[in-house]
Amino acid sequence: MFSNNRTGWLLLSPTIIILLIMGLVPFFYVLYVGFFKWNPLAVDPSMQFEGFGFNYRRLIFDEVFLASIWRSIKFSVVTLFFELGLGFILALSLLSSFPLKSFFRGIHTLPLVIAPIVVGSIFKLFTVQGLGPLPHLLKDYFGYTLNYGLHAEQAFWMIVIMDIWHWTPFVTLTLLAGLSALPQDPYESAKIDGANNFQIFIYITIPMMVPVLIVVIFIRLMDSLKIVDEVWMLTGGGPGYATRFTGIHIWKEVFEKRFYGLGSAMSILYLYITIVICWLLYSVMVSRGKNED
Amino acid sequence: MKIRKLFGKILTTLLWSILSIITLFPIYWMVLVSTRTPVELFGKPDLSPTFLNKIHWKNFTKPFIDGIYSDYLINSIIVATSNALLVTTLALMATYALSRFKLPGSESIFFWTMTNRMAPPAAFMLPLFLLFSTVFKFGDFTLFDTKIGLILLYCVFNLPFAIWLLKGIIDGIPKELDEAMIVDGANIFTIFWKLIIPLAAPGIAVTSLLSFLFAWNEYLLASTLTSVYARTIPTGLSEFVTTTGTNWGTMAAVALVSMIPALLFLFLVQRYIVAGLTFGAVKG
Numbered sequence: 001m002f003s004n005n006r007t008g009w010l011l012l013s014p015t016i017i018i019l020l021i022m023g024l025v026p027f028f029y030v031l032y033v034g035f036f037k038w039n040p041l042a043v044d045p046s047m048q049f050e051g052f053g054f055n056y057r058r059l060i061f062d063e064v065f066l067a068s069i070w071r072s073i074k075f076s077v078v079t080l081f082f083e084l085g086l087g088f089i090l091a092l093s094l095l096s097s098f099p100l101k102s103f104f105r106g107i108h109t110l111p112l113v114i115a116p117i118v119v120g121s122i123f124k125l126f127t128v129q130g131l132g133p134l135p136h137l138l139k140d141y142f143g144y145t146l147n148y149g150l151h152a153e154q155a156f157w158m159i160v161i162m163d164i165w166h167w168t169p170f171v172t173l174t175l176l177a178g179l180s181a182l183p184q185d186p187y188e189s190a191k192i193d194g195a196n197n198f199q200i201f202i203y204i205t206i207p208m209m210v211p212v213l214i215v216v217i218f219i220r221l222m223d224s225l226k227i228v229d230e231v232w233m234l235t236g237g238g239p240g241y242a243t244r245f246t247g248i249h250i251w252k253e254v255f256e257k258r259f260y261g262l263g264s265a266m267s268i269l270y271l272y273i274t275i276v277i278c279w280l281l282y283s284v285m286v287s288r289g290k291n292e293d
Numbered sequence: 001m002k003i004r005k006l007f008g009k010i011l012t013t014l015l016w017s018i019l020s021i022i023t024l025f026p027i028y029w030m031v032l033v034s035t036r037t038p039v040e041l042f043g044k045p046d047l048s049p050t051f052l053n054k055i056h057w058k059n060f061t062k063p064f065i066d067g068i069y070s071d072y073l074i075n076s077i078i079v080a081t082s083n084a085l086l087v088t089t090l091a092l093m094a095t096y097a098l099s100r101f102k103l104p105g106s107e108s109i110f111f112w113t114m115t116n117r118m119a120p121p122a123a124f125m126l127p128l129f130l131l132f133s134t135v136f137k138f139g140d141f142t143l144f145d146t147k148i149g150l151i152l153l154y155c156v157f158n159l160p161f162a163i164w165l166l167k168g169i170i171d172g173i174p175k176e177l178d179e180a181m182i183v184d185g186a187n188i189f190t191i192f193w194k195l196i197i198p199l200a201a202p203g204i205a206v207t208s209l210l211s212f213l214f215a216w217n218e219y220l221l222a223s224t225l226t227s228v229y230a231r232t233i234p235t236g237l238s239e240f241v242t243t244t245g246t247n248w249g250t251m252a253a254v255a256l257v258s259m260i261p262a263l264l265f266l267f268l269v270q271r272y273i274v275a276g277l278t279f280g281a282v283k284g
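Just so you know, the protein sequences line up as chains A and B, in that order.
Numbering follows the working numbering, with no gaps: position 162 of the first sequence is 162.
Numbering follows the working numbering, with no gaps: position 128 of the second sequence is 128.
No lab work stands behind these hints, which were simulated from the structure alone.
As the structure is a prediction and not an experimental result, all values here were calculated from the model.
Glycine included, every Cβ here is placed at the ideal spot set by N, Cα and C.
Where hints are given, some of them may not hold.
[Stated by the list, open to error] Taking lysine to any residue pairs in the SDA-like style, the calculated list, with each CA pair at most 25 angstroms apart, reads:
hint	chain 1	residue 1	chain 2	residue 2
1	B	LYS137	A	PHE35
2	B	LYS137	A	THR7
3	B	LYS137	A	PRO14
4	A	LYS37	B	THR134
5	A	LYS139	A	TRP157
6	A	LYS37	A	GLN48
7	B	LYS147	B	LEU195
8	A	LYS101	B	SER17
9	B	LYS147	A	PRO14
10	B	LYS9	A	PHE103
11	B	LYS102	B	LEU195
12	B	LYS194	B	SER82
13	B	LYS58	B	LEU195
14	B	LYS147	A	VAL25
15	B	LYS9	A	ILE275
16	A	LYS101	B	LEU268
17	A	LYS252	A	PHE49
18	B	LYS137	A	SER13
19	B	LYS5	A	SER96
20	B	LYS62	B	PHE42
21	A	LYS139	B	LEU47
22	B	LYS5	A	LYS139
23	A	LYS257	B	THR81
24	B	LYS147	A	SER13
25	B	LYS147	A	PHE255
26	A	LYS101	B	ILE3
27	B	LYS9	A	ILE200
28	B	LYS137	A	SER46
29	B	LYS194	B	ILE170
30	B	LYS175	A	THR7
31	B	LYS9	A	SER46
32	B	LYS9	A	LEU100
[What the hints assert, rightly or not] Take a look, some chain A residues computed to stay more than 10 angstroms from chain B by CB distance:
hint	residue
33	PHE49
34	PRO99
35	PHE142
36	LYS226
37	TYR241
38	GLY247
39	LEU280
With the sequences and hints as input, model every part of the structure.
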């Protein structure tokens, strides 16, 4: 409609420039630093070249780093499982009518907008030994001792519970939007054919919801793979290595030990793994879209 | 059949009541902690709403009036507002370009902006720290520990989402309207001012609010890229972790104050939030 594209590029240019400087330049810079041995606090604070891919070779055998990646993936899958299950049930229940529905939904939306660092603080205040009511209630009514400062398993599951508290609303609302956009015809035909609710759910609702489900899984996986703030606030990555997810591990290596070169290599690997998972899901999404066309 | 339906209704209401208690209980406790003295917090947790009778205001005045937290609060407001304005303006321009012009490679540009959103901030923490403190240098001025640095940086995370959100809306405005205005001799500014902005107003509002919220809530990068002058509220909140013998009351008060914009936001766009946050999913 416009005779030339100059105006178009002009409109697009500020966005591209900012994304280049703040997005792409850091990427190439971290790629570059990753090839050097560099610790500004060491005896020799300069950058030293130690052979091609030196840092990466070190990382392949770095058990702590590999364990942190494995821990992040495990965490992402576990939280996704619970959030999807719970979110689906809640979304389905929101389709029917019951008293105070919009009130309940409003409350359910609340965690969604709270900053991760504030969620970490809320849970710290709620569960910390000597202050929070949760350890007291568990002790009094179930005889269960909650002290995630000492027990690795408890710390991990505490983070899982916090993540479920924080992000189930997102899953619920997204699935609800998807459910209410579904066409009604298949349901009517199924009812005429005498299908029961369970059959309708398995053979009609689930298949029609697959595109929405994939998007939810995509967004949630990306977010939980990069979790840092809440964990940092609640457990600080401890006890030991129990809640040291990849982001926290990089933080500790870079800003406490000042391993710049190794930290860069970690960042690149971390980015690479995220992109691979992302790309896999994206191609599933695209291929499904093509099948439907 | 009728009894079964009634039973289902009761069960659903019960489920949602329990859920709401689980959601609200930790927040309620934070409010309680923020209004109590350290002595009142000692011992067995008292769950009664004591703030109805007496509020220990010192928890709020100590950080925000006597302490440094008022500066953090002002920094947060400046960074989040400027970021929201910048992101909305740039995203509107970029989306219009992507939607109305047949630019070669515009599909790849769109995908590239999206990948910026997916990147884990922790992977960019180190290069940004080094670039901000040593490489991006203009005389004595570095981007490290400046508000302008944070404002520009948050664009990387907010622009993709903003473009994603606005693209559907601007695509939905018929091209014929633009063409009619061009025939009448309107330039690009008139088209934006008279046509695009009024028609896309709800989308623009949600976009800027979400950008504001992101910039307000962001912690990791803010804490690595600032040290004294540009610290925001989330970084201030994290300072409570490292100090020994944490003053829980003050921490709860700061957390509560930093939650206020989020609550206002929720109150304002409660109706749009589903559409805003789930845009891609519903389309997909």
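Taking the hints in turn, this is what the structure says about them:
no.	hint	in the structure
1	B:LYS137 <-> A:PHE35	holds, 24 angstroms
2	B:LYS137 <-> A:THR7	violated, 31 angstroms
3	B:LYS137 <-> A:PRO14	holds, 20 angstroms
4	A:LYS37 <-> B:THR134	holds, 18 angstroms
5	A:LYS139 <-> A:TRP157	holds, 17 angstroms
6	A:LYS37 <-> A:GLN48	holds, 5 angstroms
7	B:LYS147 <-> B:LEU195	violated, 33 angstroms
8	A:LYS101 <-> B:SER17	holds, 10 angstroms
9	B:LYS147 <-> A:PRO14	holds, 19 angstroms
10	B:LYS9 <-> A:PHE103	holds, 16 angstroms
11	B:LYS102 <-> B:LEU195	holds, 20 angstroms
12	B:LYS194 <-> B:SER82	holds, 24 angstroms
13	B:LYS58 <-> B:LEU195	violated, 51 angstroms
14	B:LYS147 <-> A:VAL25	holds, 20 angstroms
15	B:LYS9 <-> A:ILE275	violated, 44 angstroms
16	A:LYS101 <-> B:LEU268	holds, 19 angstroms
17	A:LYS252 <-> A:PHE49	holds, 23 angstroms
18	B:LYS137 <-> A:SER13	holds, 23 angstroms
19	B:LYS5 <-> A:SER96	holds, 10 angstroms
20	B:LYS62 <-> B:PHE42	holds, 20 angstroms
21	A:LYS139 <-> B:LEU47	holds, 16 angstroms
22	B:LYS5 <-> A:LYS139	violated, 38 angstroms
23	A:LYS257 <-> B:THR81	violated, 35 angstroms
24	B:LYS147 <-> A:SER13	holds, 23 angstroms
25	B:LYS147 <-> A:PHE255	holds, 21 angstroms
26	A:LYS101 <-> B:ILE3	holds, 20 angstroms
27	B:LYS9 <-> A:ILE200	holds, 20 angstroms
28	B:LYS137 <-> A:SER46	holds, 20 angstroms
29	B:LYS194 <-> B:ILE170	holds, 14 angstroms
30	B:LYS175 <-> A:THR7	holds, 16 angstroms
31	B:LYS9 <-> A:SER46	violated, 69 angstroms
32	B:LYS9 <-> A:LEU100	holds, 11 angstroms
33	PHE49	holds, 17 angstroms
34	PRO99	violated, 6 angstroms
35	PHE142	holds, 16 angstroms
36	LYS226	violated, 3 angstroms
37	TYR241	holds, 16 angstroms
38	GLY247	violated, 3 angstroms
39	LEU280	holds, 13 angstroms
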